[in-house]
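Chemist: Residue numbers (this note's numbering), protein chains in the order written: chain A, 1 to 153; chain B, 1001 to 1153; chain C, 2001 to 2085; chain D, 3001 to 3085.
Source of the hints: derived by calculation from the structure; they are not laboratory data.
It is possible that some hints are incorrect.
What the hints assert, rightly or not - So, partial list: chain B residues that the calculated Cβ filter (under 7 angstroms) puts toward chain A:
1. Asp1007
2. Asp1010
3. Val1011
4. Gly1012
5. Leu1018
6. Gly1026
7. Val1029
8. Thr1032
9. Leu1034
10. Asp1037
11. His1082
12. Leu1085
13. Trp1133
Even for Gly, the Cβ is constructed at its ideal location relative to N, Cα and C.
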Amino acid sequence: MIRVQADDFDVGAEIAALTAGNTHIGGVVTFTGLVRDFAGNTAVGTMTLEHYPGMTERMLGEIEAEARRRWPLDASLIVHRHGPLAPGDRIVLVITASAHRQAAFEAAEFLVDWLKTKAPFWKRESGPRGDRWVDARAADDDAAARWQAPRQE
Amino acid sequence: MIRVQADDFDVGAEIAALTAGNTHIGGVVTFTGLVRDFAGNTAVGTMTLEHYPGMTERMLGEIEAEARRRWPLDASLIVHRHGPLAPGDRIVLVITASAHRQAAFEAAEFLVDWLKTKAPFWKRESGPRGDRWVDARAADDDAAARWQAPRQE
Amino acid sequence: MKVLYFAWLRERVGTGEEEVSPPPEITSVSALMDWLAKRSAGHARAFENRDIVRAAVNQEFADPADAVSPGDEVAFFPPMTGGRP
Amino acid sequence: MKVLYFAWLRERVGTGEEEVSPPPEITSVSALMDWLAKRSAGHARAFENRDIVRAAVNQEFADPADAVSPGDEVAFFPPMTGGRP
């Protein structure tokens, strides 16, 4: 399941809803992304996450489907927020549930890595020196590249 | 932080308490272990988790300290339940929080692997054919062995 | 053809969405960018550095050489920057 | 010396904890197991397969050759089986 929303989410409630009634699940892994203080700034600012409605849902759905092809998951969920957010706020939630803990861990990490390169979100930070759009980081592409299937020569 | 308790826990509330006020945290990973249906049984049974009070707390504390030596964590928590549990119940919770998502993922996986080999818990399952103590699995030792430092010859 | 702009491309162009009717010879994402860049000073600034402009056609990522057709939804945006711990 | 038993060792011995005073020549975990095994039929059954008995001395895992002393807390138990997905 995927959801794109301005509202906050409750990790415990999401886990409970996702796993209810399935007693084959042995392990549930969650990743919650939080808004950090901006690097190098002592002042705490807010940020706004813009996204591409329609394409966001499509890309999150594709990423989730890919994870479920690769790992034996009993359940999975991606929730991504948009709109104004302050440091400490939850931005994104990934949940994976499986009979096997390692599948749950690997799939969660895969989803988080790919979210950062495939999901159409753009972050604008507001600080004491005004607003700025955040640049993409090469590090995120590197993390996602780990999961590429080996290419044929 | 570590806790050993008979009571259930609320994952969302534990994350919130652990990360409150720290806006350096960028990612929080949780692992929740659930009681599964017993393999090969269609009947749903209960189980009881016995532990070694005192040593349990000591071992969980050592495992957590080792994770914090190896990864740059802002916060971590291990909660382990004991006593009677039914399929679908939460048994164990691991939370790791870090500025860097990969540190949080690796540390959580490390903690879960080591919990299974170092924490003094013994599981007794009640099924339609009576009670039995569960045997240890070699697979858990293998998973923990991944994290061993290379030995000198 | 519906064209969407996000983040600083939207700010430079001055709108998030516009309906355009490029001439028939505009058949690729790259040619569409050239054509759009001439519509206004804001468009020109939005497309001044093509290396950092990404595109999607009908909500799928597209390369500059990919085709565009009159009924398409074409979007332009900077590299994505979701949550990044 | 306080001796603790867990899981099926506790059930076989018939108690989870006992205070014992082994003779001075009992100085290792291994020797203590030999000595305890003679206390009752239940003790004998608890220690009949040493390969699957684990020990801790003062709440730290211990090998059969490790030392035990009169004031120690010594525990015997099967291999651990916590949550195992």
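Chemist: Evaluate each hint against the coordinates.
Modeler: For each hint, the structure was consulted:
1. Because the smallest distance between the Cβ of Asp1007(B) and any Cβ of chain A comes to about 14 angstroms, over 7 angstroms, the interface hint for this residue is violated.
2. Below 7 angstroms, beta-carbon pairs count as interface contacts, and Asp1010(B) has one with chain A at about 5 angstroms; its hint therefore holds.
3. The beta carbon of Val1011(B) is positioned within 7 angstroms of a beta carbon in chain A (closest approach about 4 angstroms), and the interface hint is therefore held.
4. For Gly1012(B), the suggested interface contact is upheld, since its CB lies about 3 angstroms from the closest CB of chain A, less than 7 angstroms.
5. For the restraint placing Leu1018(B) at the interface with chain A, the shortest Cβ-Cβ distance is roughly 11 angstroms, beyond the 7 angstroms limit, so the hint is violated.
6. At its closest, the beta carbon of Gly1026(B) sits 5 angstroms from a beta carbon of chain A; the interface hint therefore holds under the 7 angstroms criterion.
7. A hinted interface residue such as Val1029(B) counts as satisfied when its beta carbon comes closer than 7 angstroms to some beta carbon of chain A; here the least separation is about 5 angstroms, so the hint holds.
8. At a threshold of 7 angstroms, the smallest CB-CB gap from Thr1032(B) to chain A is about 4 angstroms, leaving the interface hint in force.
9. About 5 angstroms separates the beta-carbon of Leu1034(B) from the nearest beta-carbon of chain A, less than 7 angstroms, and the hint is met.
10. Given the 7 angstroms rule on beta carbons, the hint for Asp1037(B) holds: about 5 angstroms separates it from the nearest Cβ of chain A.
11. Look at His1082(B): its Cβ only gets to about 18 angstroms from chain A, farther than 7 angstroms, so that hint breaks.
12. With 7 angstroms as the threshold, the beta carbon of Leu1085(B) stays out of range of chain A, its nearest partner Cβ sitting at about 12 angstroms, so the hint is violated.
13. This hint is violated: Trp1133(B) has a C-beta 19 angstroms from the nearest C-beta of chain A, more than the 7 angstroms allowed.
Figure legend: structure checked against the earlier numbered hints; hints not met, in rising order: 1, 5, 11, 12 and 13.
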